[in-house]
Amino acid sequence: MENIIQVDTLRKEFKSYSSRSGLKGAFRDLFTRNYKVIPAVKDISFTIKKGEMVGYIGENGAGKSTSIKMLTGILTPTSGSVVVNGMNPHKEREKFVRSIGVVFGQRSQLWWDIAVQESFRLLKKVYHVPDHVYESHMNHVIESLDIGPLLDKPVRKLSLGQRMRCELAAALLHNPSLLFLDEPTIGLDVLVKLKIRNFLKEINQKYQTTVLLTTHDLTDIEALCERVIMLDEGQIIYDGRLSKLKSSWGEGKQIEFQFADPKIEKLNLAVLTNDLQTEWTSGNKKNVWVANVVNDEELISEVIARVVAAHKITDIKIHEITTEEIIRNIYEEGVIQ
Amino acid sequence: MSKYVEMIRIRFLMMLAYRTNYYSGILIYSINIGAYYFLWNAIYGEKASIEGMSVLQMTSYVAVAWMARAFYFNNIDREIAQEIKEGKVAVEFIRPYHYLIMKTMQGLGEGLFRLFFFSVPGMVIVALIFPISFSASGITWLFFSTSIVFSFIINTQINLLTGILTFFFFNNDGLIRAKRVIIDLFSGLLLPISFYPGWAQQVMNFLPFQAISYIPSMIFTDGMTGSAVYNALWFQLIWAILLIVPIQFLWIIAKKQLIVQGG
Amino acid sequence: MNYVAIFVQYVSQYIKTRLTYRVDMVIEMMSDLLFQAVNLVFILVVFGHTDFLSGWSREEIIFIYGFFLVPYAIFGAFFNIWDFNERYIVKGEMDRILTRPVHSLFQIILERMELESLFGTFTGIGVMVYAGYQLGLDISWFDPILFILFVVGGVLVYGGIFVLLACISFWSDSRTSIMPMMYNIGNYGRYPVDIYNQVIRFILTWILPFAFVGVYPSAYFLGKEEWYSYAFMTPVIGIVFFTISVFVWNIGVTKYRGAGN
Numbered sequence: 001m002e003n004i005i006q007v008d009t010l011r012k013e014f015k016s017y018s019s020r021s022g023l024k025g026a027f028r029d030l031f032t033r034n035y036k037v038i039p040a041v042k043d044i045s046f047t048i049k050k051g052e053m054v055g056y057i058g059e060n061g062a063g064k065s066t067s068i069k070m071l072t073g074i075l076t077p078t079s080g081s082v083v084v085n086g087m088n089p090h091k092e093r094e095k096f097v098r099s100i101g102v103v104f105g106q107r108s109q110l111w112w113d114i115a116v117q118e119s120f121r122l123l124k125k126v127y128h129v130p131d132h133v134y135e136s137h138m139n140h141v142i143e144s145l146d147i148g149p150l151l152d153k154p155v156r157k158l159s160l161g162q163r164m165r166c167e168l169a170a171a172l173l174h175n176p177s178l179l180f181l182d183e184p185t186i187g188l189d190v191l192v193k194l195k196i197r198n199f200l201k202e203i204n205q206k207y208q209t210t211v212l213l214t215t216h217d218l219t220d221i222e223a224l225c226e227r228v229i230m231l232d233e234g235q236i237i238y239d240g241r242l243s244k245l246k247s248s249w250g251e252g253k254q255i256e257f258q259f260a261d262p263k264i265e266k267l268n269l270a271v272l273t274n275d276l277q278t279e280w281t282s283g284n285k286k287n288v289w290v291a292n293v294v295n296d297e298e299l300i301s302e303v304i305a306r307v308v309a310a311h312k313i314t315d316i317k318i319h320e321i322t323t324e325e326i327i328r329n330i331y332e333e334g335v336i337q
Numbered sequence: 001m002s003k004y005v006e007m008i009r010i011r012f013l014m015m016l017a018y019r020t021n022y023y024s025g026i027l028i029y030s031i032n033i034g035a036y037y038f039l040w041n042a043i044y045g046e047k048a049s050i051e052g053m054s055v056l057q058m059t060s061y062v063a064v065a066w067m068a069r070a071f072y073f074n075n076i077d078r079e080i081a082q083e084i085k086e087g088k089v090a091v092e093f094i095r096p097y098h099y100l101i102m103k104t105m106q107g108l109g110e111g112l113f114r115l116f117f118f119s120v121p122g123m124v125i126v127a128l129i130f131p132i133s134f135s136a137s138g139i140t141w142l143f144f145s146t147s148i149v150f151s152f153i154i155n156t157q158i159n160l161l162t163g164i165l166t167f168f169f170f171n172n173d174g175l176i177r178a179k180r181v182i183i184d185l186f187s188g189l190l191l192p193i194s195f196y197p198g199w200a201q202q203v204m205n206f207l208p209f210q211a212i213s214y215i216p217s218m219i220f221t222d223g224m225t226g227s228a229v230y231n232a233l234w235f236q237l238i239w240a241i242l243l244i245v246p247i248q249f250l251w252i253i254a255k256k257q258l259i260v261q262g263g
Numbered sequence: 001m002n003y004v005a006i007f008v009q010y011v012s013q014y015i016k017t018r019l020t021y022r023v024d025m026v027i028e029m030m031s032d033l034l035f036q037a038v039n040l041v042f043i044l045v046v047f048g049h050t051d052f053l054s055g056w057s058r059e060e061i062i063f064i065y066g067f068f069l070v071p072y073a074i075f076g077a078f079f080n081i082w083d084f085n086e087r088y089i090v091k092g093e094m095d096r097i098l099t100r101p102v103h104s105l106f107q108i109i110l111e112r113m114e115l116e117s118l119f120g121t122f123t124g125i126g127v128m129v130y131a132g133y134q135l136g137l138d139i140s141w142f143d144p145i146l147f148i149l150f151v152v153g154g155v156l157v158y159g160g161i162f163v164l165l166a167c168i169s170f171w172s173d174s175r176t177s178i179m180p181m182m183y184n185i186g187n188y189g190r191y192p193v194d195i196y197n198q199v200i201r202f203i204l205t206w207i208l209p210f211a212f213v214g215v216y217p218s219a220y221f222l223g224k225e226e227w228y229s230y231a232f233m234t235p236v237i238g239i240v241f242f243t244i245s246v247f248v249w250n251i252g253v254t255k256y257r258g259a260g261n
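Chains as they are written, first to last, in the UniProt record's numbering: chain A, 1 to 337; chain B, 1 to 263; chain C, 1 to 261.
Where hints are given, some of them may not hold.
[To be verified] Short derived list, chain C residues pointing at chain B, Cβ under 7 Å:
1) I27
2) E28
3) V38
4) V46
5) S54
6) S172
7) I178
8) N184
9) I185
10) Y188
Derived by calculation from the structure, the hints in this document are not laboratory data. Backbone N, C-alpha and C define an ideal beta-carbon position, used for all residues, glycine too.
Could you put the whole structure together from the sequences, leaning on the hints where they help?
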């Protein structure tokens with residue numbers, strides 16, 4: 001399959017001025033200033049194939065936005081190369097951006113004062129979309145996103161969820177083969193999120209649209225992306241399948257037992273499982289104990305069987321470590337080897 | 001009180017941070033003064049004096065009018081309008097200070113910065129290039145200093161008024177622009193008030209604008225002496241007090257409106 | 001020709017939006033008119049005290065001012081970019097502009113249009129007609145053509161200078177208010193350049209060529225033959241300046257740092 005995005009040792013540095021403290025310092029700054037060169041993105045490389053939906057994650061300041069802006073042609077790289085849709089985004093900007101769609105969750109693409117459909121009409125001219133293509137494609141988009149009733153309202157009168165759906169429609173107006181979504185679900189309620197996710201899946205299947213998604217909401221990524229690229233301090237620390245990330249990092253399970261007998265001791269339990277790899281920790285109540293085990297069906301069943309046979313229990317729960325916890329762990333512990 | 005002083009200091013530091021602004025500002029003010037110098041020379045031609053002012057006094061007038069403008073000028077009307085439109089004013093209301101005083105202090109911080117780092121060095125540069133007369137009398141300097149403080153107060157009051165009016169108009173860019181034009185013309189920045197035809201001068205005596213530029217510049221160039229100076233300072237003082245009335249009035253209505261409509 | 005279609009689309013959008021805020025439109029026109037009147041008042045008051053300004057009469061100066069208003073109005077309508085730094089660089093609106101397949105400067109010009117300002121062309125022509133009538137000027141058949149050429153040249157000069165100033169924001173990280181201040185300097189092109197000394201005359205001709213928006217082209221219509229060569233240079237200077245500014249703009253865009261984060 002062809003590579004839609006090809007990034008090779010991409011780097012971006014910013015000059016940052018530091019100001020001296022106090023009045024005297026500020027006065028000195030008038031004449032000479034100190035600056036440092038700060039690399040925001042440090043020589044990253046990756047490729048994305050047609051039809052992939054990739055989650056691009058990282059903490060604030062990890063270099064997410066900067067690299068997305070280089071991929072969309074907004075910023076010029078300091079060094080390295082970017083080829084997207086077979087073009088150099090910055091060099092051939094005007095031609096290039098015809099082939100992509102961009103949604104910035106915190107910045108509106110639509111015109112504030114005019115009705116949504118007027119914005120669409122303007123964008124249609126800007127992107128040079130022929131009438132018949134527009135009709136067939138956009139009717140479908142408008143229907144799937146359920147924004148038909150919003151079209152004659154000015155953007156400033158829309159709620160955030162309504163606006164976001166319109167933004168998405170606007171970004172897809174020229175049916176781009178590649179879609180960049182930067183925090184598309186920020187501040188939205190669950191129903192709107194679901195609607196947006198389903199819609200994205202649908203267009204991905206229908207048009208083989210490649211999607212690169214940055215978000216803080218990992219449930220978006222779980223719902224949409226098979227692959228994630230994880231950034232930290234300007235470097236890629238993980239690039240691979242989400243499921244692999246989960247199996248190698250979210251290996252453990254927690255079995256939480258609530259016992260009928262409040263006087264139960266850790267020792268009673270440890271004896272039961274002394275030949276199995278289990279670690280017991282106390283739960284949030286006196287009669288609650290948690291068995292930490294590796295993710296193995298046999299083992300889990302065995303632990304439960306032995307405990308249930310020996311003691312009366314009132315409740316049992318099995319927890320899996322969430323993606324969010326996994327990612328938090330990764331950031332705390334550093335680079336994945 | 002100390003929070004307002006801190007506000008002045010912060011603005012002062014902010015101004016220092018924008019150094020492109022600083023250098024270009026000095027350059028542009030000098031070009032402005034230079035151009036007016038030549039324009040006035042051409043207007044005077046062979047004449048020794050017009051309306052009792054010599055060419056030398058006139059060029060000094062222009063120079064000091066522009067340099068004083070650097071002190072009293074600020075954009076708080078625009079800032080207030082911006083903050084109202086973006087809905088930030090509602091937040092300002094819950095802060096433990098008076099919004100208008102705070103804005104005034106920001107303006108003062110800006111003004112003081114320009115006075116020390118801009119007007120004073122700028123005036124030295126201008127005096128080196130163009131012939132300008134400085135008064136030798138200490139008392140003139142004292143009157144001048146008092147007078148530009150009033151310039152600042154009155155100009156700021158007018159800015160506050162224009163800013164607050166944003167509450168009542170959807171978009172008051174036009175009004176802000178009109179105000180600026182009126183101040184340039186009627187404050188005496190472009191033309192000394194004494195150059196206007198008699199009837200126009202009569203009208204302007206009932207307006208506060210000449211207190212902003214004409215009075216301090218005339219005092220500086222010794223174009224106004226003796227009791228005229230006292231009268232002029234009284235004129236400034238009275239206007240500074242009078243203008244508090246409409247500001248308070250509009251502010252109270254604006255606040256009510258804000259509470260009712262929720263910004 | 002797509003650009004023409006986009007232009008038409010933007011203009012029609014603009015008119016629709018403006019018609020919803022009619023009061024603002026009227027206030028804006030009034031303040032424009034006021035602004036134009038102020039300068040006229042200045043000229044009239046000054047000529048209350050003198051008959052000639054370096055050999056130029058009151059009506060001639062008024063004529064220059066009338067001419068100046070025409071390119072200035074068109075400039076004001078399409079180059080409303082004095083807050084470019086604030087709006088597009090600091091707030092990062094440039095990001096959005098750069099994700100669209102139209103030249104970035106063209107988009108900004110379209111977004112910031114202020115068509116009300118075009119009303120000033122009528123004021124300007126009115127002032128010129130009045131002054132021209134007082135002076136008893138003759139009009140030949142090719143004068144209107146030259147007038148259009150000179151006006152276009154003037155607009156390009158003005159536009160070029162302000163685009164160049166806007167470009168500073170691509171390099172300098174700090175907020176600047178150079179552009180609002182520059183409006184004052186533009187005014188000096190409205191007076192005969194012979195009143196200024198060599199340095200300022202040089203600046204107004206070659207560095208910040210505001211003289212080509214007022215006095216030079218007007219000198220042609222006023223029959224001041226010593227300035228004819230400058231007058232005919234107006235369109236050339238306009239094209240040169242504007243081309244340079246677009247060139248610098250294109251370089252500037254590659255230096256854009258993006259907002260915040």
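The hints, checked one at a time:
no.	hint	result
1	I27	4 Å, holds
2	E28	4 Å, holds
3	V38	5 Å, holds
4	V46	5 Å, holds
5	S54	5 Å, holds
6	S172	5 Å, holds
7	I178	5 Å, holds
8	N184	5 Å, holds
9	I185	6 Å, holds
10	Y188	5 Å, holds
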